[in-house]
Amino acid sequence: MASLRPFTCNDLFKFNSVNLDSLTETYSISFYLQYLARWPEYFLAVESCTGEIMGYIMGKSEGSVEAKEWHGHVTALSVRPESRRIGIAALLMDELEKISDKQKCFFVDLFVRVSNVTAVNMYLSLGYIVYRTVLEYYIGDDNENAYDMRKACSRDKEKKSMIPQKEPVWPDAVLP
Amino acid sequence: MANKSGNSDITERKIRPVYEAIDNGNYKKAVQMAEKLLSSKQKQPQLMQMAHVAKGVALFRSGKLSDALEEVSQVTTEVIVDEMVIQGLIVFYKDAKPDEIPKILEKAVAVSKGSERLEFMNKLFLAYARTEDYKKQQQAAMNLYRSDGKRSTYWWAVFSNVLQAYYSTDKNLSKKMFLPLAEKMMQKMIGDGGLHTEAEILLYVMILRMSDKISEALKVVHCQVPEIEGDLLIHRDFLKIEMLQEANSHAELNSCLKAYLRKRCDDWRNFNLYLDSVFNLIDMEWKPKDNNEAEIMPDYTIDMATEFICSLLENGGSSGANCSRGPYLAQMEIKKRHKMRTQGKEVQSCGNAECNICLVLMLHTQTMYIPETFNTLLKEYFARFGNKGCCFQEMTLHFDQAESQEELISSLEETLRANESSYIDLIIDGKNSDLKPSHVCNRFICVATLKNYAGCYRNLSFNEKLKTAQQLIGYHGKGLSLGKELKSSELQYTDDFCVLACHLLLDLSKDTDDGNDIWHIILVLESALKASPHNPQMRIILIILYCKIGAFEPAHKIFNNLSIKYIQHDTLGYLMTSNAHRLGHFKTARSIYEAEEKFFLVSRRECVDQKLQAYKYGNFTKITEFIDFEKRLQNSLQLWTMKYYKFYLDVIHKSSSCDEALSFLKYPPNGDILLSENFLNQLIDGRDVRIIRLWDKLEPNRLQSEADWSMQLEILHLKYLSVNLQLLGDVIELSQKVSNDSDAQSVVSHLRTSLTNFIDESKTLYQRVVDHPGFKCLWRWHGPPQTRWNSIIDGGLDRLLLDIASVLLKLICPSKVVFMDRTLIEDLNFFLYKETNENVGVEISKIGQTFADGLQRYNLCNENAKCFNGHNLEPNVLLVELAIDLENFKLLITSVQSACDDVVQNLVTIKDNFLVQNLGHLKISFNLQTKEQALEENSDLSDLWLKTYKSNESDMLKNVRDSYQVSIQELLSVAKLKHNIAKTLSL
Chain A
9 MASLRPFTCN DLFKFNSVNL DSLTETYSIS FYLQYLARWP EYFLAVESCT GEIMGYIMGK
69 SEGSVEAKEW HGHVTALSVR PESRRIGIAA LLMDELEKIS DKQKCFFVDL FVRVSNVTAV
129 NMYLSLGYIV YRTVLEYYIG DDNENAYDMR KACSRDKEKK SMIPQKEPVW PDAVLP
Chain B
988 MANKSGNSDI TERKIRPVYE AIDNGNYKKA VQMAEKLLSS KQKQPQLMQM AHVAKGVALF
1048 RSGKLSDALE EVSQVTTEVI VDEMVIQGLI VFYKDAKPDE IPKILEKAVA VSKGSERLEF
1108 MNKLFLAYAR TEDYKKQQQA AMNLYRSDGK RSTYWWAVFS NVLQAYYSTD KNLSKKMFLP
1168 LAEKMMQKMI GDGGLHTEAE ILLYVMILRM SDKISEALKV VHCQVPEIEG DLLIHRDFLK
1228 IEMLQEANSH AELNSCLKAY LRKRCDDWRN FNLYLDSVFN LIDMEWKPKD NNEAEIMPDY
1288 TIDMATEFIC SLLENGGSSG ANCSRGPYLA QMEIKKRHKM RTQGKEVQSC GNAECNICLV
1348 LMLHTQTMYI PETFNTLLKE YFARFGNKGC CFQEMTLHFD QAESQEELIS SLEETLRANE
1408 SSYIDLIIDG KNSDLKPSHV CNRFICVATL KNYAGCYRNL SFNEKLKTAQ QLIGYHGKGL
1468 SLGKELKSSE LQYTDDFCVL ACHLLLDLSK DTDDGNDIWH IILVLESALK ASPHNPQMRI
1528 ILIILYCKIG AFEPAHKIFN NLSIKYIQHD TLGYLMTSNA HRLGHFKTAR SIYEAEEKFF
1588 LVSRRECVDQ KLQAYKYGNF TKITEFIDFE KRLQNSLQLW TMKYYKFYLD VIHKSSSCDE
1648 ALSFLKYPPN GDILLSENFL NQLIDGRDVR IIRLWDKLEP NRLQSEADWS MQLEILHLKY
1708 LSVNLQLLGD VIELSQKVSN DSDAQSVVSH LRTSLTNFID ESKTLYQRVV DHPGFKCLWR
1768 WHGPPQTRWN SIIDGGLDRL LLDIASVLLK LICPSKVVFM DRTLIEDLNF FLYKETNENV
1828 GVEISKIGQT FADGLQRYNL CNENAKCFNG HNLEPNVLLV ELAIDLENFK LLITSVQSAC
1888 DDVVQNLVTI KDNFLVQNLG HLKISFNLQT KEQALEENSD LSDLWLKTYK SNESDMLKNV
1948 RDSYQVSIQE LLSVAKLKHN IAKTLSL
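As given, the protein sequences belong to chains A and B, one line each in that order. Quick note on numbering: the working numbering labels position 84 of the first sequence as 92, and the sequence is numbered without any gaps. Quick note on numbering: the working numbering labels position 203 of the second sequence as 1190, and the sequence is numbered without any gaps.
Don't take every hint at face value.
[Said to hold, decoys possible] List time: in silico DSSO-like cross-link candidates among lysine-lysine, alpha-carbon distance up to 30 Å:
(1) B:K1250 x A:K22
(2) B:K1137 x A:K76
(3) B:K1630 x B:K1123
(4) A:K22 x B:K1137
(5) A:K174 x B:K1474
(6) B:K1123 x A:K106
(7) B:K1603 x A:K106
(8) B:K1452 x B:K1763
(9) A:K22 x B:K1630
(10) A:K112 x B:K1630
(11) B:K1250 x A:K165
(12) B:K1123 x B:K1618
[What the hints assert, rightly or not] Some chain A residues flagged as far from chain B (calculated, every beta-carbon gap over 10 Å):
(13) N18
(14) N24
(15) D29
(16) I37
(17) Q42
(18) E49
(19) S72
(20) K76
(21) P89
(22) V122
(23) L134
(24) Y139
(25) K165
(26) M170
Worth flagging that the hints you see were computed from the coordinates, not collected in a lab. Idealized CB from N, CA, C, for every residue including glycine.
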């Protein structure tokens, strides 16, 4: 059972069971607040039947409309361990896609570690494709490549935004 | 921009390196660079002003606030209109003194013109918003709107009225003035062209809602705006449901929720609200009007609700892997609610077996709209969804309704055996390889945790519980073979078996009161972590357990590996801050406090900055949320506990002389050393004490009580620290004055007042603690950290401090003291050595005895052998701190003069013993009989016992031993430091 609702500042006090996951980053206060201040509709939480946070998604819309690059972007998506494999991530992604559709976006995109096979497979099952590889996107002890995955919104009827690029790119090509 | 002469570019180029140095933390270098610019021959005004400001920023960041303010004041004496300089001043003042920013901008607005003036007016509005001066920000916004005519600035003015209403203490004024004005302004703008954006709709809804005009707000919430295509955004759906609830529009709410549930029937919140609305309509005896035009007819009887749920069962896919769970749970929920409503309403028969009225009533109360029993429904639920990790939590919603929990549990166990052979067969023989390992494991874990929830393990005997734990550990170990392909970032399928086993073992540990059992559990968890290195539950339990045995370093290492940062300092930081100091890791404690303090400082700035961003993007509904969030962070219990501990560390541990202690005492974190009740009452507990997952149904309520008690006792402990430090400050300050101040009488009078206050405050405080329901309760291992009060009061430290203060007070009693030409100390000596009356003598003897008892109790482990045990760390820390307090009282009392010598000597002995010990006393064992049984019955545990006996070689024990050594070493150095100060004091 999962109740979708807007994410609020006070949820930051309650999201530990989600954020203690090793692949989930805890960001600075300003990072979360920046999303709440600018793209509140893109920041959603899912609550369990007992009111705990099972997962959340934060995203935004950005890019040039003229260049048909206006798109929804998934900044973070995480689900606590005991709430996995029950469709929470799919629910959150579906809602973000709906919002992007209503905001007249051409597509939704996201970055994922190439090693995170579970997540990559999940996005593939949701209709995303690997649009391109971004070299050394994740900085760390061993810099890791990211997949830039995409799914077209209804505005992109011909799904032009989903034609994959063959050559990998460096992060400066994808950062706004 | 203000300066278009081209000088700006040059200034910018020259000043940038100074700010780069500041950003890199090289404040000293930044100050030198700024000074170099200031001393240059070419006194270009803009550059000079910028250099003063940059130097001010560098001084401020290096903690020199008064120097920084003085430096910047050289610029602010003039009216500044230079854009770059003003920006620099905003950067400086927003941290140092935000109230100064509007003053600078008001002057700039007054003297500037054109676009430059508009720019300053814009900044002035934001400056008022920063300082939360809602009245002035409203005026500033209106002035700006009159000048720039922008729609966005008009909304700033409207929202400023809303804020005045929201935060006004005079609710009448809010309702009659601010909100009507905001609404009128809103309507005026709508009249001029309608609502354009999502944010405008939300602002209008907010105003109407605050004005209790819910029906109007419900109309507005449906407005379409050009920026959104199609249906409303989820935020507005959410808002609509909230408002329908507020307005008690049960019929409309019911229709609305039916529509939502048809789209997605796994939303438990909506299901609950839907059922609330059904029962409200039943209570109201609501019926549709003849001309009801609702698109979706509300459900106003149980029959209708049952039918609706059944329709969802059919449409939501009652079979298949992804069928919805909501309708199945809703079936149980409606049955539960119906049962609860009819309970206690049993029909009182009139005695006539054929009475029609009674028969009808009985028929009504016994109607079973869902005919199956709860046992059947729960079994079906498990059969469908037992393979999902969420099944346990969802079944607990109605588990208590089961007609027979015993039958239910045994039936679920039977299901496991019947359908899936056995768990161990699956693993060993590879049978049923078509089953997903996660599904099989989840089913077994669900049943095990449900048994725990139902209390099946709670009342087991020691041996039975141990055996169950062994069995679970065995399941965990075998299950690891199923998860060999899992990545290290993923959790093993059977991790929860291990965690549950540790819960049971910890219960046993509590039963036996044998701290040594904890070593076993640590070994179990350390071993499990090798297969599942990122399991957060295991890591947090380990943190708690290591601290329980006094080993802070291994706990700290695990904490660091969890990458806990930013907001988690507030919610989880307590896992470290409550232990570092207590376990004698003062240096680490200091660095943790500093990191946390930095987070809170930065977060304040970030909250304000993002609040201003929300104004810019027009997302007004978020602004009150940000303001409240910032206030909550600034009133955090964790922040103030940490600040006060840092202050305490400075005064008690860091200072190497009374002068130094006094210099620290001059800058208490809250302005006054003594924390007021008002201040303490406004603290908010953000600690996440529910981070450990619990499977016992009794635990959540207990945990809530413990969380409340913990907060109250922590606040009393803060008060305790502040009361002690206040007295310490007074004693040091007054005793220093004596040598300079000829009016010794006045000094003694102050000292007497201070001592009397201390005694009164302390007595009240100690009484509040011993009367507190949480004091003396043995808290669960997974809850909030145990209060330090038990150690303080059990160790007699409360009495000791009161005795010392009482003795001092008696010694300076004016009726017995004749202050002539002698100094205070001489007077005190005179009475101490020559005229001590009998009462004082008794008290002095008592103090000495209490101290000696403490040393004996905390540091002798068997007969006369002095050895170290991690459990004794906290009392030892308190003892050292007390000895330090005694030093600062200048060892006035002969009987306790040797106290510090004793402490130092004692620690040296412990340290020497510790180094040569092979930790033999730390051998781990349950009682022998149990252990032998365990070895016979379960070979999985035999490895564990073997590991235990080889414990001296294990890394884990080495880490623990290293941690103990650090604790002892740090305690020793602090004790020695204070001992040296004592030697320099003369009586």
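We went through each hint and held it up to the structure:
In summary, the hint linking K1250 of chain B to K22 of chain A is supported, as the alpha carbons are separated by about 28 Å, within the 30 Å threshold. For the hint pairing K1137 of chain B with K76 of chain A, the CA-to-CA distance comes to about 29 Å; that is within 30 Å, so the pair holds. Pair hint K1630 of chain B plus K1123 of chain B does not hold up; C-alpha atoms about 34 Å apart against a cutoff of 30 Å. Under the criterion of a C-alpha separation no larger than 30 Å, the hint pairing K22 of chain A with K1137 of chain B is inconsistent with the structure, at around 39 Å.
Note on K174 of chain A and K1474 of chain B: the hinted pairing holds, with a Cα-Cα distance of about 28 Å set against a maximum of 30 Å. In summary, the hint linking K1123 of chain B to K106 of chain A is not supported, as the alpha carbons are separated by about 41 Å, beyond the 30 Å threshold. Between K1603 of chain B and K106 of chain A the CA atoms are separated by roughly 26 Å; this keeps the pair inside 30 Å, and the hint holds. Simply put, K1452 of chain B and K1763 of chain B have alpha-carbon atoms about 26 Å apart, close enough for the 30 Å limit, and the pair holds.
For the given pair, K22 of chain A sits about 23 Å from K1630 of chain B by alpha-carbon distance, which is consistent with the 30 Å threshold. Under the criterion of a C-alpha separation no larger than 30 Å, the hint pairing K112 of chain A with K1630 of chain B is inconsistent with the structure, at around 49 Å. The straight-line distance between the Cα atoms of K1250 of chain B and K165 of chain A is roughly 25 Å, inside the 30 Å bound, and the hint therefore holds. Between K1123 of chain B and K1618 of chain B, the direct Cα distance comes to roughly 21 Å. Compliance with the 30 Å bound is thereby established for this hinted pair.
For N18 of chain A, the requirement that its beta carbon stay farther than 10 Å from each beta carbon of chain B is not met, with the minimum near 7 Å. With a closest Cβ-Cβ approach of about 5 Å to chain B, N24 of chain A is found to fall inside the 10 Å limit, against its non-interface label. Consistency note on D29 of chain A: stated as away from chain B, yet its beta-carbon is not over 10 Å from all of that chain's, at 7 Å minimum. At the 10 Å boundary, the C-beta of I37 of chain A falls inside the reach of chain B, the nearest C-beta of that chain being 4 Å off.
Separation of Q42 of chain A from chain B is inadequate, the least Cβ-Cβ distance of about 6 Å not exceeding the 10 Å criterion. A cut-off of 10 Å between C-beta atoms contradicts the statement that E49 of chain A is not in contact with chain B; the least separation is 5 Å. At the 10 Å boundary, the C-beta of S72 of chain A stays outside the reach of chain B, the nearest C-beta of that chain being 17 Å off. At roughly 16 Å, the least C-beta separation between K76 of chain A and chain B is larger than 10 Å, which holds for a residue marked as non-interface.
With a cut of 10 Å on Cβ distances, P89 of chain A falls inside the contact zone with chain B, its closest approach being about 5 Å. No beta-carbon of chain B is positioned within 10 Å of the beta-carbon of V122 of chain A; the least distance is around 13 Å. With a least CB separation of 13 Å from chain B, L134 of chain A remains clear of the 10 Å interface cut-off, as annotated. Every C-beta of chain B lies more than 10 Å from that of Y139 of chain A, the closest at about 24 Å, which supports listing it as non-interface.
For K165 of chain A, the non-interface assignment is confirmed: its Cβ lies about 14 Å from the closest Cβ of chain B, beyond the 10 Å cut-off. No Cβ of chain B approaches the Cβ of M170 of chain A within 10 Å, the least distance being about 21 Å, so the stated non-interface status holds.
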